[in-house]
Amino acid sequence: MTTANTAMFQASRLNQRNEKVQVLYRILFGIMTLMLITPVLLILGTLVVKGGGVISWEFLFTPPTDGMRTGGVLPALIGTIWLVMTALLLSVPIGIFAAIYLSEYAGDNWFTRTINLAIINLAGVPSIVHALFGLGAFVLFFGFGTSILAASLTLAVMTMPVVIVATRESLQAVPQAFREACWNMGATRWQTIRRVVLPNSVTGILTGVILEVSRTAGETAPIMFTGAVFFTPFLPQSVFDQTMALSLHLFVAATQVPGIAEDVPYGIALVLIGLVLTMNSASIAFRMWLRGKKKW
Amino acid sequence: MVSQSTIERPAGVADAKTGRTEPRIKLAVKDLSIRYGKVVALHGVNLEIHEHEIFGIIGPANAGKTSFLKAINRMDVFTPGMRVSGDIDFNGRDTRRLNNVYALRSRIGVVFPLPVGLPMTVYDNVALSPRLRGIKSKAELDVIVQRCLTRAALWDEVKDRLNALGSLLSGGQQQRLTIARALSQEPDLLMLDEFSIAVDPVTTMRIEDVLKELRQEVTIILVTNLVQQARRLADRTAFFLDSECVEIGVTEDLFTGEVKDQRTRDYVEGRFG
Amino acid sequence: MAISTTASRATIAAVGGADSFDRRNADWYVDKAVQVLVFVCGISAIIFVLGIFVFVTKEGIGFVFQHLDFKEFFLTPYWFPSDADDPEYGILALMAGTASVTGLAMLVAIPFSLGAAIYIAEFATGKTREALKVLVELLAAIPSVVWGFIGLVIMNPLIIKWFDVPVGLCVLNAGIILGLMAAPIMTSIAEDALKAVPDRYREAAEAMGATRWQVTYKVVLPAAKNGLLGGVLLGVGRGFGETMAVLMATGHAVNIPDSIFDSVRALTATIAAELGETVVGGEHYQVLFTIGILLFLVTFIVNLSADLIVRGIRKG
Chain A
1 MTTANTAMFQ ASRLNQRNEK VQVLYRILFG IMTLMLITPV LLILGTLVVK
51 GGGVISWEFL FTPPTDGMRT GGVLPALIGT IWLVMTALLL SVPIGIFAAI
101 YLSEYAGDNW FTRTINLAII NLAGVPSIVH ALFGLGAFVL FFGFGTSILA
151 ASLTLAVMTM PVVIVATRES LQAVPQAFRE ACWNMGATRW QTIRRVVLPN
201 SVTGILTGVI LEVSRTAGET APIMFTGAVF FTPFLPQSVF DQTMALSLHL
251 FVAATQVPGI AEDVPYGIAL VLIGLVLTMN SASIAFRMWL RGKKKW
Chain B
1 MVSQSTIERP AGVADAKTGR TEPRIKLAVK DLSIRYGKVV ALHGVNLEIH
51 EHEIFGIIGP ANAGKTSFLK AINRMDVFTP GMRVSGDIDF NGRDTRRLNN
101 VYALRSRIGV VFPLPVGLPM TVYDNVALSP RLRGIKSKAE LDVIVQRCLT
151 RAALWDEVKD RLNALGSLLS GGQQQRLTIA RALSQEPDLL MLDEFSIAVD
201 PVTTMRIEDV LKELRQEVTI ILVTNLVQQA RRLADRTAFF LDSECVEIGV
251 TEDLFTGEVK DQRTRDYVEG RFG
Chain C
1 MAISTTASRA TIAAVGGADS FDRRNADWYV DKAVQVLVFV CGISAIIFVL
51 GIFVFVTKEG IGFVFQHLDF KEFFLTPYWF PSDADDPEYG ILALMAGTAS
101 VTGLAMLVAI PFSLGAAIYI AEFATGKTRE ALKVLVELLA AIPSVVWGFI
151 GLVIMNPLII KWFDVPVGLC VLNAGIILGL MAAPIMTSIA EDALKAVPDR
201 YREAAEAMGA TRWQVTYKVV LPAAKNGLLG GVLLGVGRGF GETMAVLMAT
251 GHAVNIPDSI FDSVRALTAT IAAELGETVV GGEHYQVLFT IGILLFLVTF
301 IVNLSADLIV RGIRKG
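Protein chains in written order, with this note's numbering: chain A, 1 to 296; chain B, 1 to 273; chain C, 1 to 316.
Misleading hints may appear alongside valid ones.
Claimed, not checked - Some but not every residue of chain B turned toward chain C, in silico, with C-beta under 7 Å:
1) Leu98
2) Asn100
3) Ala103
To be verified - Here are the simulated lysine-lysine pairs, DSSO-like style, with alpha carbons at most 30 Å apart:
4) B:Lys136 with C:Lys32
5) C:Lys218 with C:Lys127
6) A:Lys294 with C:Lys195
7) C:Lys195 with C:Lys133
8) C:Lys133 with A:Lys20
Since the hints were made in silico from the structure, they are not lab data.
Ideal Cβ placement from N, Cα and C applies to all residues, glycine included.
Chain A on its own, in the form it takes in the complex (with noise of 0.2 Å):
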């Protein structure tokens, strides 16, 4: 009886100190997370009441003055919007019908297996990497010269692994069993994939388009040397003209103008930063939307 009960005693004592260790953890990773997350809002506080004051309209539809150290982001901004479209425009086709190959055709074996090893090789390999690909490639090779489309053609090869994977994670959410039945009432692959899988799926794949918009607006990198240059007063005419970046012009106003207003940078920065997090949160918000709607 004793025995049992200090046994019992010792157990919950025990207990005690475990959750005492329990609550201890559990404040050391809250936070490590909170570590993490503070410095960026921090750094994102700074650049929104340093660069929030010049924000205004006439920033964003005015181009640069005064050898760039003045002025607006115009031409940097309808340049990024060509390059953003004539990149989707590429990839999102080619991108949607590989996810469909992927989840809809694609057995499981090596030969899928050296598939998404080339995808995540694809979303892993530098972006420098890609630049140089896309000048012997696409401005040497194929003969695009510095231009819209070459620069397009390689943010398109370097994001189409968002919209791929976006692409199959929402074809596969879709129950075999409605494939099935479909396929039982004599429809061929893709009368299947066309009148169930695809206007179930439709929702998530737009998610990963908008999170591809977000991924290819900030990219700096690949058009460097492809399309993108450092100042031109012109806006595109063609996807063979080259063009302004906001991303490449952030890099250009923070490092190659001296001199420059020093609230611009900041400017083009928090444009830069509101376009992909607006986007972003976009897609997010579009996704959570999703998971509340329930069709089966």
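Take the given structure of chain A and dock chains B and C to it, following the hints.
Same frame as chain A, but now just chains B and C:
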């Protein structure tokens, strides 16, 4: 005991009603074997299914019943690792050698154990097959949808919400929707795979009534885990066990003990399975 | 209704008779065409990776075969590519720059991202958890040129002030920037790896009276080991290949660092900074592509090992 004459009666109910004429063969299966990799799912099956009969298949789980249906429908080409050998003739046409498996499947309606309402409206669920066949006219589709839903005993429940998602109906309604969808294929052959597994008893009885009526127009293969369901519905019944077809006979004979194999009697009487 | 039944039956007879089992209709051919199309797109990733290797090699291989002295290239720190008389191409200092920055970045990123991942996956619940995940995802989206800018205009004066050094663009600066950059990505991957451990493991351990931390330490972490290691490796690859941030935050001085306050220069940044000044096909140009080949091969191996390690758990 059943009289001797019943046992001697040649296979095929049509004899009793139409005299000496042979029943038309809808499906002829010769020496069918199915493997998944090295695992044998079905071995050496020979049977014939007559036009306008309900052909029951009973047997415990993993006897190869579902694989049998998949082989008929040529789903083997979409199932990794599934190997089928032997002959399956459908309407006298060898289904193992044909160029367009989709055309074959479009003539065969399938109902699954778990109801599958596709994530589109009730209307679109039933209109899907006609649309795949190229029917675009709204008026024509309306008629088909109403007819199929009515025949599947679902029309009265969903006529006011044809735009609701088919995948969000109740289980029993989804199963009848699946039947309506199969009927919209205007099938030559209807295959039901343990349709009552996820359905309440009332709905089961309603579906059984639907099947009895459908017999006039379609040939039906009814795979079931409920031996009494086979007894209620099937004209003839096959007993599958351990990847083999143990016995084929007139349903009533199987239940009255007129069997060739002791295992059939044991299973029917509920001694295993 | 009867009339229409006959009509549909007629349609069936036209398109669905037994003869039609051999007739390949338009739908059949469309299906085949799509199958070919998606296959081509499916292998495009392989084609692109091969393309990257081929084109980067094509531009750089001339130097490798004609002038490359392995010993000088890898083992000397003398990088004077634009010396007109006797250019020298030793990348030892550049490798040291990349290694020191990446190493410091990992020192910063690995503990914090693992800690954050454990907190998010095992301790946080409900709304907190969702909010943290979104935040981490947004942090991962900040473009690298913005990070470089932060290193240049925010970190630089801070380091000068706090540590009383003449220049704040150094290993420390770039290491912290790169660490903050890589941490969200590593947190996401590590969190995925922890979440991939089946809940029944946790439940079984909790049923025996273990606390959350004991469950995490004794059950979840060992089970997620490979996934975590894979995540760390991908983070290393990311840091190693980062270009704009290290270009702007390291000080860009060819130098083998003695301390974390020394300026250095990274392999990637060298290409970004110098490629614009070179003549296409010239020796300097080819050397930069040779560095590109090196970068490609190293990241390829890192990604391959990460993949193999992560796949290891699925098998085991």
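Of all the hints given earlier, name the ones this structure violates by number, lowest first.
none
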